[in-house]
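Here the protein sequences line up with chains A and B, keeping their order.
For the first sequence, the numbering used here assigns the number 1 to the initial residue and increments by one for each residue that follows.
For the second sequence, the numbering used here assigns the number 317 to the initial residue and increments by one for each residue that follows.
Source of the hints: derived by calculation from the structure; they are not laboratory data.
Computed from a predicted structure; not experimentally measured.
Hints may be right or wrong, so weigh each one.
Examples of chain B residues lying across from chain A (beta carbon under 8 angstroms, computed) [to be verified]:
no.	residue
1	Q360
2	P361
3	L366
4	V378
5	E396
6	Q397
7	L485
8	L496
9	W502
10	L518
11	Q624
12	Q627
Over 10 angstroms on every C-beta distance to chain A, these chain B residues come out as not near it, computed from the model [as the list claims (entries may be wrong)]:
no.	residue
13	D343
14	L357
15	A443
16	D468
17	V575
18	E600
19	Q621
The beta carbon of each residue, even a glycine, is placed where N, CA and C say it ideally should be.
Number of protein chains: 2
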Amino acid sequence: MQGQESFSDRLIERARQCESRVIVGLDPQIEAFPGYLQEALRRQPDHDLLEETLVAFNRVVVEATAEMAVAYKPQAAFYEQYGFAGLRALQRTIALLRAKGLLIIMDAKRNDVAHTAGAYATAWLAARHPLFAEANSWQVDALTVNGYLGSDGIRPFQEANRAAGLFVLAKTSNPSSGELQDLPLWEAGQPGLTVAEQMARLVACWGEGTEGKQGYAQVGMVVGATYPQAALALRRLAPRAIFLMPGIGAQGGSLDAIVAGAGEDGNGAYAASSRGLLYPFRPEELADAAWMEQAAARIHAVAQQLRQAIQQRFAA
Amino acid sequence: MQGQESFSDRLIERARQCESRVIVGLDPQIEAFPGYLQEALRRQPDHDLLEETLVAFNRVVVEATAEMAVAYKPQAAFYEQYGFAGLRALQRTIALLRAKGLLIIMDAKRNDVAHTAGAYATAWLAARHPLFAEANSWQVDALTVNGYLGSDGIRPFQEANRAAGLFVLAKTSNPSSGELQDLPLWEAGQPGLTVAEQMARLVACWGEGTEGKQGYAQVGMVVGATYPQAALALRRLAPRAIFLMPGIGAQGGSLDAIVAGAGEDGNGAYAASSRGLLYPFRPEELADAAWMEQAAARIHAVAQQLRQAIQQRFAA
Numbered sequence: 001m002q003g004q005e006s007f008s009d010r011l012i013e014r015a016r017q018c019e020s021r022v023i024v025g026l027d028p029q030i031e032a033f034p035g036y037l038q039e040a041l042r043r044q045p046d047h048d049l050l051e052e053t054l055v056a057f058n059r060v061v062v063e064a065t066a067e068m069a070v071a072y073k074p075q076a077a078f079y080e081q082y083g084f085a086g087l088r089a090l091q092r093t094i095a096l097l098r099a100k101g102l103l104i105i106m107d108a109k110r111n112d113v114a115h116t117a118g119a120y121a122t123a124w125l126a127a128r129h130p131l132f133a134e135a136n137s138w139q140v141d142a143l144t145v146n147g148y149l150g151s152d153g154i155r156p157f158q159e160a161n162r163a164a165g166l167f168v169l170a171k172t173s174n175p176s177s178g179e180l181q182d183l184p185l186w187e188a189g190q191p192g193l194t195v196a197e198q199m200a201r202l203v204a205c206w207g208e209g210t211e212g213k214q215g216y217a218q219v220g221m222v223v224g225a226t227y228p229q230a231a232l233a234l235r236r237l238a239p240r241a242i243f244l245m246p247g248i249g250a251q252g253g254s255l256d257a258i259v260a261g262a263g264e265d266g267n268g269a270y271a272a273s274s275r276g277l278l279y280p281f282r283p284e285e286l287a288d289a290a291w292m293e294q295a296a297a298r299i300h301a302v303a304q305q306l307r308q309a310i311q312q313r314f315a316a
Numbered sequence: 317m318q319g320q321e322s323f324s325d326r327l328i329e330r331a332r333q334c335e336s337r338v339i340v341g342l343d344p345q346i347e348a349f350p351g352y353l354q355e356a357l358r359r360q361p362d363h364d365l366l367e368e369t370l371v372a373f374n375r376v377v378v379e380a381t382a383e384m385a386v387a388y389k390p391q392a393a394f395y396e397q398y399g400f401a402g403l404r405a406l407q408r409t410i411a412l413l414r415a416k417g418l419l420i421i422m423d424a425k426r427n428d429v430a431h432t433a434g435a436y437a438t439a440w441l442a443a444r445h446p447l448f449a450e451a452n453s454w455q456v457d458a459l460t461v462n463g464y465l466g467s468d469g470i471r472p473f474q475e476a477n478r479a480a481g482l483f484v485l486a487k488t489s490n491p492s493s494g495e496l497q498d499l500p501l502w503e504a505g506q507p508g509l510t511v512a513e514q515m516a517r518l519v520a521c522w523g524e525g526t527e528g529k530q531g532y533a534q535v536g537m538v539v540g541a542t543y544p545q546a547a548l549a550l551r552r553l554a555p556r557a558i559f560l561m562p563g564i565g566a567q568g569g570s571l572d573a574i575v576a577g578a579g580e581d582g583n584g585a586y587a588a589s590s591r592g593l594l595y596p597f598r599p600e601e602l603a604d605a606a607w608m609e610q611a612a613a614r615i616h617a618v619a620q621q622l623r624q625a626i627q628q629r630f631a632a
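Here chain A stands alone, though its shape is the one from the complex:
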């Protein structure tokens, strides 16, 4: 995909070019959509219209944010919930983003034993499936994965496409992430690394030798912007990992966490925002056919605000 340049290099280059650290989530939820679209679906609740509605909304979001989006991050769950209509909309969204040369991080948190992880890797990262001559229309630039199974659950994703990026869950943004991730491991009679920190150590190990020109590895991490202290600790353990940092906005994450995660060169962390960017309106405010212009203007404004807030924090 786009030659063999490493994902980390492509991401950093794109961030420089658009002077931004914002990754735009694409999490369609009909119940948060402009009232005009919801009303149309109520009148005609069919799957083709649902598909068109999902694509139409994503297109508005992409057009409103393309100038400041380092990458787009569709969340697989929000498409799976709508069955084939959702999956068709996801595939069309991937096509739309690729046609514009924009980077795609599929947030699917896939994980399994080696043999099975290989099948997920083929699904999302391979340029084509071995059975078919045509290109894989599901291929994305990077994928989120869950590292609970250890090395042999991660290697197949690395091997499927060396130019693809991975983000392993380390410290997640949700309130209960500490139930497992914050527990300290026993280390020679002392409380040692936490579970999340041990995951960061594994991430560093998986990334060794895969660094691109900018010095960042193929394997990055998901680190919630809701936990600034954790971001700092994890950065020390995996200095060459790109941090994908959700939680700014609806979940209350902080800009300090992004700075803490970014490392010395400032290139190591990107803020992923979904709900906060996608739905800066109440559905009933956008109830007529002019919804597109109005939604685009509001989404553009909040994305621009987020981009500037982050860039200013880094400049300070």
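Following the hints, complete the assembly by docking chain B onto the known chain A.
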């Protein structure tokens, strides 16, 4: 789905009825399929034929094993890798199993923060999507999930359908599972529970108050049959969790692990086998149009052998 009887009760009842503890994996891999099917796809490499081929093979497996299968466990990755053809085949396989009243455990290892976990739960466990009047054609009886995110990543799955079952990854069957899962946690100056054992403690907590008539909870665990000692330890920590135990066969798991996992009443553990059951032949051995009868006979024989080996071990 099938009334409001809990999944654990339905599973145990079915196991008694068919005198078996075998769960049949449905992991389609064209390269392991009978030569006759592979050759047809080589001649005509199109997506419709691929879909038909996947369904045809699954149908043969289901017919050959229905008498001893406690449940069927399609692995989502092996369908996702084939794009829409694979997903259509998966949906038709779900329909096929439901029409026969057979239990379905979707092995998808989904996981995310609460809001997003809710969307996955809707996708796989809800009787219907809120938007539509018709039944959800993706609904299954149980789902595997990854508990790395803690409680708020699991509760939405529980709430989506109280009659559905969940299997949380605790100790996975793969060689590298110990890299994280076997590490001991620090506990008041001592090596305490391992990470996998802590997950079992969380599983026990999530299952509290959800027990069915047979005493087993809504939330079970995935425990590799490749680690008998771990199975014993995890059983003590989560006495009310059903164990889904993969790793018998291709991965070298042991029947002792199944016994260790089953608990005092012997109802707590079920052996999931995929590759070992599905492909007891070399592709070139089934190269002509008689593949169906031959594949069915071989698959039936190995499934029957596995069922008997396990039942005898429990009777001993």
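Consistency of the hints with the structure:
no.: 1; hint: Q360; verdict: violated (11 angstroms)
no.: 2; hint: P361; verdict: holds (6 angstroms)
no.: 3; hint: L366; verdict: holds (7 angstroms)
no.: 4; hint: V378; verdict: violated (20 angstroms)
no.: 5; hint: E396; verdict: holds (4 angstroms)
no.: 6; hint: Q397; verdict: holds (4 angstroms)
no.: 7; hint: L485; verdict: holds (6 angstroms)
no.: 8; hint: L496; verdict: holds (6 angstroms)
no.: 9; hint: W502; verdict: holds (4 angstroms)
no.: 10; hint: L518; verdict: holds (6 angstroms)
no.: 11; hint: Q624; verdict: violated (26 angstroms)
no.: 12; hint: Q627; verdict: violated (26 angstroms)
no.: 13; hint: D343; verdict: violated (7 angstroms)
no.: 14; hint: L357; verdict: violated (7 angstroms)
no.: 15; hint: A443; verdict: holds (13 angstroms)
no.: 16; hint: D468; verdict: violated (4 angstroms)
no.: 17; hint: V575; verdict: holds (23 angstroms)
no.: 18; hint: E600; verdict: holds (18 angstroms)
no.: 19; hint: Q621; verdict: holds (22 angstroms)
This entry does not satisfy hints 1, 4, 11, 12, 13, 14 and 16, going by the numbered hints stated previously.
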